[in-house]
Amino acid sequence: MFERVLNEPPYSLRQAQKEAILLEGLNELTRFHFERSPEYARILDAAWGGLTTCRDIAEVPYLPVSLFKELELKSTAAPSFVMRSSGTTGQRTSRIVIDNETARRQSEALVASFRPILGTRRVPFLAIDTKDVIKPTDLTARGGGVLGMMKFGAKTTFALDSQLEMDKGAVEAFARAYGGQPFLIFGFTFLVWDKLYRTFADGELDLSAATLIHSGGWKKLEAEKVSNAEFRAALKRRFGLENIFNFYGFVEQIGSVFIEGPDGLLYPPNFSDVIVRRPHSWEPAAIGEEGVIQVVSLLPRSYPGHSVLTEDLGLVATIDAGTGGRYGKAIRVSGRAPKAELRGCSDVIAA
Amino acid sequence: MRTEVIAFGAGAREAALDEGALLAKLGEARRCLSPPFAAERVDLVAGVAETLLDPRRSAASGPVAHFAFWTRRAALTKLAAGFAARVPQNAVARPRGLVFHLPPQNVETVFLYSWALSYLAGNANIVRLPHEISARMRAIVDLFLERLQAAGDDSQLFVHYPSQGDLGAKISALSDARVVWGGDAKVALFAPLPLRNGGKSIWFGDRFSFSTVNGAALAGLNDAALKALAKKLDNDIFVFDQMACSSPHALYVVGDPAAHSASVKRLLDAASLEWTMDDPAGGVGHAIGKMTAAFTAAANGRASSVNWRDTQLTSIVASAPQRQDMRVGGGFLSVVFVPSLAEVASFIRESDQTITYFGWERGEIEAVAASHIGPGVSRWAPMGTALDFDFLWDGYDIPFELARLVRIS
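Keeping their order, the protein sequence lines are chains A and B.
Take the first sequence: its letters are residues 2 to 352, numbered as in the working numbering.
Take the second sequence: its letters are residues -6 to 402, numbered as in the working numbering.
Hints are supplied without guarantee of correctness; some may be wrong.
Said to hold, decoys possible - In the SDA-like style, the derived pairs of lysine to any residue whose C-alpha atoms are separated by at most 25 Å in a straight line are:
id, chain 1, residue 1, chain 2, residue 2
1, B, K224, B, A166
2, B, K258, B, K193
3, A, K340, B, L186
4, A, K340, B, K71
5, A, K70, B, T304
6, B, K71, B, A14
7, B, K258, A, E284
If you are wondering where the hints come from, they were derived from the structure by calculation, not from laboratory data.
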């Protein structure tokens, strides 16, 4: 079924069709993980009334993503590597167990999702990151992102050195060699802004033939009061770069990327979907109503992550609007759910 | 190294004070002592309570109301009489001298009790307040400062200074007693700093609290009584977002799951309806945090069921009658079914503070409290009173600890 879905254009399914296909696959995955992960089975028994066959994708049991920070959940006997979230120093990171089959599904899913914007030919690739971000066994989300995008590129050049400083010479050499033909730039949103954008002056570097794909959230840019529109306008002014695509994705759902459409909304591809939920009751929210984003996906088989509740807030903006041939749900992500600092007797000493 | 000090003054004033000036003031303050429960001091504290309880003022709520109620004149008269009765024959109680208070940053009414008890015991006091104190607390400090100023008493200092320097050591060296609130890490920070003449240290470290109910008594409640009990449980949990030392985190139900699960669920559901978080916006992230904690307990096999949907009070039911130590806060309870009240007592650990209870006769509680010999648990209190401070706290008779006894034979 997964293969069947992948062969179609990524946003071709109408919501009703999509839900029917996903429901069957998600029910199968719930059973699959229930039978292979004792921890998952215990969660289903304690919190979800046991293993049941759901009649609606909104009923499919989900796990909060931060559970993957507490536990290394796996449904495979043959893990090949563990992905980690990029968490800053001192933060606990998620640990996602990947085996060969899930890695293959993730990679096929990425190819299917990026095909409409990148085509089938591999093009020169400029990564706004350091080569050190790619490690053989213990990958961070950033490393996973770069590694995933390398499949679409050739002749990869890393724009940053190991101190994350811009290697201006390398980037200029890349632009001289490949700048006249289509090429791909990928990087985390903040690195694109802080390193690429800030290192060069207006008109100093011509990236007009490039397609930029970026992700990683707007938190740091929002702190600097840079919106998506300003980001796009600034890159156009500085580099002539217009072909820009943001996407939403996270390490617990690697391979499942929601790419920005022409309307600026984010689209889940055919094999995945979003349910926005009301905090506390956790009932599905109405269209246009902000809530907590749940993502379902047919990809994860090595770990029980086919249905996860994120800590991101967002809303479903349209369903089956057909903008640019895109059907299904289109979402907007507004940021991270705020976390309360609980008061207590135990002090922060420095206060 | 010299540290800049902010001295809190009446009328919401803050004055910068040089470290040397502060230390000189402390020397003077230590000479302005008074006998325990002197009439002027009782009048001053009771006067503030009257103001706080004045019906023309906006109603004091929660912890402030408790403080006001606890320091009204009748209560202080009783406290003074009890104090006098506890002084041994052939002895007279006198203040210790200068007392240094380090209240917790967050449970902010604590400093009021800490200071008021020491003031009533006749001491000079210096209280290091957090830099950020709420307007509500600042207003109460003001009420005291105005009256102290009017009485010409400048032996009571409320200050803030940065914690990095060595001023804490210098104040300690001048102090006869020190009261540290705020957990093990803070206690450890002050432990090496000597007091004047090896003075008295009172520690309030990290504590864990829980609750126990008689399952049969709970099952016998009618709707109105259950609702009233839920309100009490809710009060115990929600004040200070369940993060005060005496806030319960586990509920030990004496009974069996088959017979009593339904009434426990009714109680928790009713308590959830009463719940409001101090920071509602932060509630979404915390709700997910509680879900994660509960699901983790289920995955590890510690919880056999999890109640997380459509509730403000996330709860797990422990899969075995064992002690539960999850301290998530913000509306999270571990429910444990146990065969007897004695079993609950067997779970007590050194760091436990308060056990709130429901459905037990006074005699049963007295017997189980007496049965526990070792360290741990300094308080058994009816459900609904977990946050009610008292002069007996964490095993200390605070006014007595802050007084000295002079034997006359």
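(message) For a C-alpha distance cap of 25 Å, please report whether K258 (chain B) and E284 (chain A) respect it.
(response) holds, 21 Å
(message) What's the verdict on K340 (chain A) and K71 (chain B), does the C-alpha distance respect the 25 Å limit or exceed it?
(response) With Cα atoms ~44 Å apart, K340 (chain A) and K71 (chain B) exceed 25 Å; violated.
(message) Hint check: K71 (chain B) vs A14 (chain B), CA-CA at most 25 Å. Holds or violated?
(response) violated, 38 Å
(message) Does L186 (chain B) sit within 25 Å of K340 (chain A), going by the straight-line distance between their CA atoms?
(response) Violated, because 36 Å separates the two Cα atoms, which is more than 25 Å.
(request) Measure nothing beyond the straight line between the CA atoms of K70 (chain A) and T304 (chain B); if it is 25 Å or shorter, mark the hint as holding. (result) Measuring from Cα to Cα gives roughly 24 Å; hence the hint holds.
(request) Decide if the proposed pair is consistent with the structure: K224 (chain B) and A166 (chain B), CA atoms, cutoff 25 Å inclusive. (result) violated, 46 Å
(message) Holds or violated: K258 (chain B) and K193 (chain B), Cα atoms, limit 25 Å.
(response) violated, 47 Å
Hint compliance for this structure: hints 1, 2, 3, 4 and 6 are not met, and every other hint is.
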